[in-house]
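Student: Below are the chains, spelled out letter by letter.
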Amino acid sequence: MAKNDESLSPADIEKLISVVLGPEEDWSEAADEYVLRLYGLDPSNSSKDACDLILRLMDNAREKGEEVPAGFMNILWDLTSKDDWEADSIASARRGIEEMQQIPFPPHLAAAMVTQHFRDKGDLSEDDEQILRDLAAELLNEVEGSNNE
Amino acid sequence: MDEALPVDPWSGKFFEEFFMGRLRPVAFRLCCGNETNALDLVHDTAKWFYDWKPWEKGLSCEAWFPYTVLVMKRIHYRRIKNEPPANQLDEATEEIVGSDRASAAGKIRYMAERQSLGSKLMALFEDDEQMQEFIYYRYFCNMTRSEIATAMRLEDAREVTDLEARFTYRATPEVAIKLLGLVPRRDSV
Chain A
9 MAKNDESLSP ADIEKLISVV LGPEEDWSEA ADEYVLRLYG LDPSNSSKDA
59 CDLILRLMDN AREKGEEVPA GFMNILWDLT SKDDWEADSI ASARRGIEEM
109 QQIPFPPHLA AAMVTQHFRD KGDLSEDDEQ ILRDLAAELL NEVEGSNNE
Chain B
121 MDEALPVDPW SGKFFEEFFM GRLRPVAFRL CCGNETNALD LVHDTAKWFY
171 DWKPWEKGLS CEAWFPYTVL VMKRIHYRRI KNEPPANQLD EATEEIVGSD
221 RASAAGKIRY MAERQSLGSK LMALFEDDEQ MQEFIYYRYF CNMTRSEIAT
271 AMRLEDAREV TDLEARFTYR ATPEVAIKLL GLVPRRDSV
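Protein sequences appear in the order of chains A and B. Residue numbers for the first sequence follow the working numbering, so the first one is 9 and each next one is one higher. Residue numbers for the second sequence follow the working numbering, so the first one is 121 and each next one is one higher.
What the hints contain is simulated information worked out from the structure, not anything from laboratory work. It cannot be assumed that every hint is accurate.
[What the hints assert, rightly or not] Okay, derived cross-link-like pairs now, EDC-like style, lysine to aspartate or glutamate, Cα gap no bigger than 16 angstroms in a straight line:
(1) 240/B <-> 253/B
(2) 56/A <-> 137/B
(3) 167/B <-> 74/A
Given the structure is predicted, the values throughout are model-derived calculations rather than measurements.
If we strip away everything but chain B, and leave its shape as in the complex, we get (with noise of 0.2 angstroms):
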């Protein structure tokens, strides 16, 4: 392992960690939930993963995780597609293959939706100024984690990450359904 790194790609901990805990929920998003696909997912990815050592290219951890995200993107619609897998996923990895985001009217869908949400939960939130400034960064000018970061003056992204477990603690999912007006299915049982 390069002494220079803070994590070893090669521990038990980091694998569980990164490839569970991280990018197993971004697998299962893009499978709509399907455990199986998912799997196979997180498998291919983390054979690229291996194959190609970020760590080895100049990658910083931080860095890593998004990178992964792209890459892991990529397999899935390149295999939606039927497309064979490339050898060079590590150098096209800006293109998403086939999103359904990447149309101009599904992107403005998708930010008025982002903003109605927004102001909706602001509301949660009356007197906690701070969450308040998070949410409209977050949902009104769709900036990222380490742009939220540096807009509020806060020393790291990770000082984002504890305002989103705090965000995410009231606005649960159930609260959010309502918010978006989403209709839950009766159970047929």
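Next comes chain A alone, as it looks inside the complex (with noise of 0.2 angstroms):
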């Protein structure tokens, strides 16, 4: 594999890419994972700087003092707890958002995103319906908490 310091100058990387491949705006996914190669990335290895990306995301609209939109949570949610949702495990599920509560992110938000996530899901267990009202008691609990600081 041709990688960027090893073989070729970063300007004939362009070249190569820019004739093989053409305008960017037409690029499809074969040639996305091509140019990966290229560089000597690992195109199946971007969970990680995913999740790195939307925290960011979410941390400097934080900063800016603008408002963090609840999809983000969202978008969080999905990729730190992919193993755990392709389980579709209630209790699964649970340990992903206790995960998500050691970020400090406001509360409301958080519930939004339990509401979203359990919306739609039917058959639930006995013990799924007692993890899921303690865990809405939990975030009720915190939400009063922090609307009485």
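From these two lone chains plus the hints, build me the complex, please.
Tutor: Structure below.
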């Protein structure tokens, strides 16, 4: 594999990409992969960078005093609990929420995230229902606590 | 989320595929492989994307990528030229600020190199008429993927992506380096 600093100069890599693949706005997924491999990156290894990116977007919004879109929590949730969601277990989802609670976001955003993710989930077991009730109580307590501060 | 949308822009799957899978390679190419700058560029573009919300502007999902790439280029070139970020990036994405491909001489040289490469690549697919047709449209006519799909009477641009995947499987960077006459530097150690 041609690597950036091992074989071709940056200018040659740029020329190679430009001539072989054409304008970026018309690239396909095959072209994307070609470019990443040319720069020596693993195309399949992007989850961590995606997590870092969404966290950075959220941090920057908070630093600027802007409202953090609730959808960002949704994205972060998906990215951080991808394997758990594939298992489709409420208990594993709860572990994800607990991990998320370690991140200092306003409780109402966490509550919105829970609502979003558990909407339309059918056939819950009694254990699942109990976990959800406990979770709702915990989150409501936190919201109440933060309102009293 | 709008019910009519085939993808959910607020899902982790979309976020990872779109920003890491699709836009990160473009950012790497624009930033000449500098990872820090590339991720900064992806960040700024993602911020624009979620502020502007293309799904609320009537843009089809298929158009999100090319449109966002144009915006990414504009953000990038503005940064290079030390221009302040523009508030209305969405209204002026046609012009690619400062692109070195914009000069007439650059365009002619670029086309000549594309055609030269195309004729050499055809030899790799001697017994494959469909691939030769693809290479002709791509490198000699400079067609976009959707134009190639129409010219080849394919049902949609996805089939062109399949052709391109077959193409890049054979026309690897190593092959293209040889065909373009580029000379790799020797490792220093």
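Student: For which of the previously enumerated hints does the structure constitute a violation, in increasing order of number?
Tutor: none
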